[in-house]
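Those protein sequences? They're chains X and W, same order as listed. Here the working numbering is used: position 5 in the first sequence is 145, and no number is missing along the way. Here the working numbering is used: position 100 in the second sequence is 132, and no number is missing along the way.
Quick caveat, the hints were computed from the structure, so don't treat them as lab data. Bear in mind that the values here come from a model prediction, so they are computed numbers and not experimental data. Mixed in with the good hints there might be a few duds.
To be verified - Pairwise CB distance ranges, derived in the manner of DEER restraints:
id	chain 1	residue 1	chain 2	residue 2	range
1	W	Glu111	X	Ser162	23 to 29 Å
2	W	Glu111	X	Ser220	22 to 28 Å
3	X	Lys178	W	Arg83	26 to 32 Å
4	W	Leu78	X	Ser179	21 to 27 Å
5	W	Lys74	X	Ser162	15 to 21 Å
6	W	Gly48	X	Ser162	23 to 29 Å
7	W	Gln46	X	Thr160	45 to 51 Å
8	X	Pro158	W	Leu78	29 to 35 Å
Note that CB positions come from ideal geometry on N, CA and C, so glycine has one too.
Each chain is listed here by its residues.
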Amino acid sequence: DAMVIQNPRYQVTQFGKPVTLSCSQTLNHNVMYWYQQKSSQAPKLLFHYYDKDFNNEADTPDNFQSRRPNTSFCFLDIRSPGLGDAAMYLCATSREGGHHSYEQYFGPGTRLTVT
Amino acid sequence: GENVEQHPSTLSVQEGDSAVIKCTYSDSASNYFPWYKQELGKRPQLIIDIRSNVGEKKDQRIAVTLNKTAKHFSLHITETQPEDSAVYFCAASMIAGNQFYFGTGTSLTVIP
C-alpha cells in the first residue's frame, strides 16, 4: 500500500506560471518534508513541517512556499517557476521529533519540467 | 547548519568484492545517520541506519559504523551483487529541528 503519495508524478509548467505539487500520507506522521533533487545531486531540504509549525531552510528561495492544511496533506507552491527550478521534488514523512529522529519515508517524487 | 561530506563520488567494484562509502558530518548534535539507496528515477530507499548511542550495526550484507569522536560514519557492503548498483546517500539528522542533511552521493557500479 502506498504510504506517501505525490501528485502529479510529472508536471510541465511554463516559465513564470505558478504550479502546485501535492503530497499526502497514510502514516499519520507528524513531520513532513519537501526536498528538491536535481540530476546527479543529493536531495536538498527546502522546508519541513513539525505538525503545523513551518520550518524554512535559510537558503530556500522565496519563490517556494508550502501549506499543510492537515496532518495528511502538504503542498509545495512555486509562485514563478524559472528554468532552474526544473527538478525532482520529493516529499517525505517521519514520526515524531524531539530528542529522537526517526526513519524518513519518501514519496515517488514529482518531476517538474519548466518550458 | 549541518554539513555532510561523502566519498567517493563514484565507485566501481567487481561482483563479490566489498564496497565502502564514507561520510563525515560537522555538527556534534546530530544523532541519527541513515543510508539511502536510490535507483535511477526512483525514490530514495532506506537501507540501514544507526543512532549515536551505537557504534556498529549490521543487516545481512550491509553494515554501518559510526565514530562519534571523529564525526564520521561508513557504509560497508560485502559480497556485492549487480543489483547493488545505484546511488547511495548518507544523511545526518539533528536532535532538534527534524532536519535531514544529505551527503553528495556515491554512484556504485558492481561489475558482473
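* To do: Go ahead and decide if the range 22 to 28 Å is satisfied by the Cβ distance of glutamate 111 of chain W to serine 220 of chain X.
  => 50 Å, violated
* Asked: If you check the beta carbons of proline 158 of chain X and leucine 78 of chain W, does the distance land in 29 to 35 Å?
  -> For leucine 78 of chain W against proline 158 of chain X, whose Cβ atoms are near 33 Å apart, the range 29 to 35 Å holds.
* Note whether the CB distance of lysine 74 of chain W and serine 162 of chain X lies within 15 to 21 Å or breaks it. => Taking Cβ atoms as reference, lysine 74 of chain W and serine 162 of chain X lie about 19 Å apart, which means the hint holds.
* Range agreement (Cβ of serine 179 of chain X with Cβ of leucine 78 of chain W, hint 21 to 27 Å) -> 22 Å, holds
* Asked: Quick one: are glutamine 46 of chain W and threonine 160 of chain X within 45 to 51 Å, going by C-beta?
  -> 47 Å, holds
* Check the following: the C-beta atoms of glutamate 111 of chain W and serine 162 of chain X are separated by a distance inside 23 to 29 Å. => 41 Å, violated
* To do: Confirm or reject the claim that glycine 48 of chain W and serine 162 of chain X have a C-beta distance inside 23 to 29 Å.
  => 44 Å, violated
* To do: Hint says 26 to 32 Å; check whether the CB-CB distance for lysine 178 of chain X and arginine 83 of chain W agrees.
  => 30 Å, holds
The structure fails hints 1, 2 and 6 (numbered hints given earlier, in ascending order).
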